[in-house]
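J.: Next come the chains, spelled out residue by residue.
Protein chains: 4
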Amino acid sequence: MNFDVRHDFTVELVQHAGDDEMICRAARVSTLGAASIDSEESAGLIRFLMKNRHGSPFEHGFMTFRIQAPIFVWREYMRHRIGFSYNEESGRYKELEGVVYIPPRRRNLIQTGKPGAYEFVPGSDIQYDYMLASQLDVHRVAWQSYRNQLDAGIAKEVARMILPVSTYSTAYVSLNPRSMMNFLSLRVQSDKSLFPSKPMFEINEVANLMEATFKELFKITAAAFEDANRVAP
Amino acid sequence: MNFDVRHDFTVELVQHAGDDEMICRAARVSTLGAASIDSEESAGLIRFLMKNRHGSPFEHGFMTFRIQAPIFVWREYMRHRIGFSYNEESGRYKELEGVVYIPPRRRNLIQTGKPGAYEFVPGSDIQYDYMLASQLDVHRVAWQSYRNQLDAGIAKEVARMILPVSTYSTAYVSLNPRSMMNFLSLRVQSDKSLFPSKPMFEINEVANLMEATFKELFKITAAAFEDANRVAP
Amino acid sequence: MNFDVRHDFTVELVQHAGDDEMICRAARVSTLGAASIDSEESAGLIRFLMKNRHGSPFEHGFMTFRIQAPIFVWREYMRHRIGFSYNEESGRYKELEGVVYIPPRRRNLIQTGKPGAYEFVPGSDIQYDYMLASQLDVHRVAWQSYRNQLDAGIAKEVARMILPVSTYSTAYVSLNPRSMMNFLSLRVQSDKSLFPSKPMFEINEVANLMEATFKELFKITAAAFEDANRVAP
Amino acid sequence: MNFDVRHDFTVELVQHAGDDEMICRAARVSTLGAASIDSEESAGLIRFLMKNRHGSPFEHGFMTFRIQAPIFVWREYMRHRIGFSYNEESGRYKELEGVVYIPPRRRNLIQTGKPGAYEFVPGSDIQYDYMLASQLDVHRVAWQSYRNQLDAGIAKEVARMILPVSTYSTAYVSLNPRSMMNFLSLRVQSDKSLFPSKPMFEINEVANLMEATFKELFKITAAAFEDANRVAP
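Protein chains in written order, with our numbering: chain A, 1 to 233; chain B, 1 to 233; chain C, 1 to 233; chain D, 1 to 233.
Derived lysine to aspartate or glutamate pairs resembling EDC-like cross-links, with alpha carbons at most 16 Å apart:
hint, chain 1, residue 1, chain 2, residue 2
1, C, Lys-156, D, Glu-119
2, A, Lys-114, B, Glu-157
3, A, Lys-219, A, Asp-38
4, C, Lys-198, D, Glu-157
5, B, Lys-114, A, Glu-95
6, C, Lys-215, C, Asp-227
7, B, Lys-156, A, Glu-119
8, A, Lys-198, B, Glu-157
9, D, Lys-94, C, Glu-119
10, A, Lys-156, B, Glu-119
11, B, Lys-219, B, Glu-41
12, D, Lys-114, C, Glu-95
13, D, Lys-114, C, Glu-157
If you're looking for bench data, these hints aren't it; they were derived computationally from the structure.
Please model the complete structure; the sequences and the hints are all you need to start from.
T.: Here you go:
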């Protein structure tokens, strides 16, 4: 085939600043040289801030990720405006590589229920195979067209108009713990959520990868978020 | 064909509030019953605010548009976060209609120059015809696949992954005069611009339609923006 | 006395755009000419959006207020950044009028309980009278000093440094229904709130006045917010 | 005296992430393991981004400061909403220490010129001494009143209403290089500025301290900002 197929997502931590203790320092507006707060007291303060929705101390941390996801995921992702910074590669200036997303076999394929109360359930093997063949077929034609147009001298930004929204794109994403929790509250499906959300499978997968890193970097904060039923402060 | 082709964009004003005089009132923090400012004085004040980059009074106006544009335009558009609100139709819940964008013959097709200094120039008729045929070909396969997948019971949000980024989508966009001018400064190519921008043809077309409405609603402000060499305050 | 005393706040609606039906149109991304939705259906849609925290349709409305409040209230108010626009009069360029806030007799004067769990209860008449006399005394000296400094040729921006934070200031505030509900969820104390907040008395008073106007302009939305236990979408 | 007097400001760097090279990586959306870019190439890329107002790569850095400044400075400071996070100590829950700002002798005291074209020039020694005596006098009465009210059992949030806006307050401020440059373009008076600004002396002093740290952390970016006549990208 004239393109590569992936069924997964990449979320790499590039840099970060801050930790649970820094959030406590910001909440107390304490001096740099202040005696370190013991971790029991920190945990109590963070739970208090979370429960009472004092969100601003959670803005004094920082994470930058490099993420690879299909365009239709980026379209949802970039609706998150507050406390998010983005830099995405551009198909205007660079020939795109030809990596496309096809749902993995474990993804639910069938939508049931009524508007406002949809559920997703597994499809049959035949349905999966049909979807797979049909999508690969379009990609084959699309990538052939893209490269033919480039060969004919057509500008990249014109030729790429024909590429499907399942084409992968890469971006740098920077955010803070507060914007992270807002994102997770909307993009992760969890039984613990006081306000249950039904995110699309693919953005939920990306969010899961982000949450795993968040738990490592801001352990107490991430636990307090879970204890607060995933209500973002 | 199993889809409709368009070469243009739709920008409809849905509602608005405020005018040049309201911007002056906000700048003066004047009372509701205050004697109306004469228009000469208003124009002087607005030019002063623009030139000295006092931007906040220009936030006290409001415009809502209903816009139809291809997905690849929305991807650029939604990078504008500050002072912008969006509501876009979703391909997760609704079968998409099959309207696609093909560049009009007057659009420049060829990219020349080096990275960081690209220019766009017209292509030959043969190049245009080749691009047209090649893109239509992909759309035919893609829309056939989309509908076949739906017929096979595949969820809309899965089937649509195969649709090209030139598929039209509709959204409500609300913004204020300040965010409008920021948008125009970046998305309209103009000889008057102190900081010249080289926007993509398609978003420039959308921006032109928005600017026409802006000039009607906020006449003095739009003129002062032009006089200030299109530097957003 | 060389200054005026107030115990209250002014919140005037200056302009607005949008209503409950526009929020529904934005949610449906429906055309301008679309058949009007009946109000029962609108109410159902708005309750659905609110309950499922689909916040973006609530951004397609607009309200501008002219508000008079003491500086210490503005200091809390302006922490609301998202979806808020401000234009406040400046003490750098204009001689301030000398209007000051003294808490009314009905305001609770005494703070009890522990950090993180404070309550406010009424003070005695003697305590109120003492507070009143003591604060008036400072204002008398401060406003005398302010005007003496101006008479001595000192710049307004220097002379005003001595003015108390209970000095009134006036600002234009523009916001949308979504940012309004976020503000109300944090700045109004209500038994209905799922996440109870304990705002300062004075900002709660301002918020009450804003909520009264909000209920008139966006009747269904305001009711759905209340029904959803004042959780902002 | 029953309070301390300061004539200066404190700006301490608390934490940071990112550097000039990270901005280049974000602009190129390059991989973590990518070969390090040589510094000459980095400088060229950063100058290109700055000149062409490609602002988003400059958001992938982070600085947190702990700042001590008078309330009237915070009032201007917190008008910066985009890309800024704040946590300020609260006079509602904590007895304030009694540290007040009096302008230093080198500060210009006299405002001349017309509205829209003010200049500040030095005052006489007598004027300075008069301002000093007058302001100290008010502080003496105000801080006596504050503590008397507290002794009488009045809540902190009520008693503090009488404190002048020159009272110091401390806050954590987090921002990124892009929001830093926007702040500096408006709050530093410089002959190099294409759009000259006339900030208040006190916020200019704070901004100078911030810029000194910014130059150390993002050396190439800060130099490119200066070369671009202090126009924020």
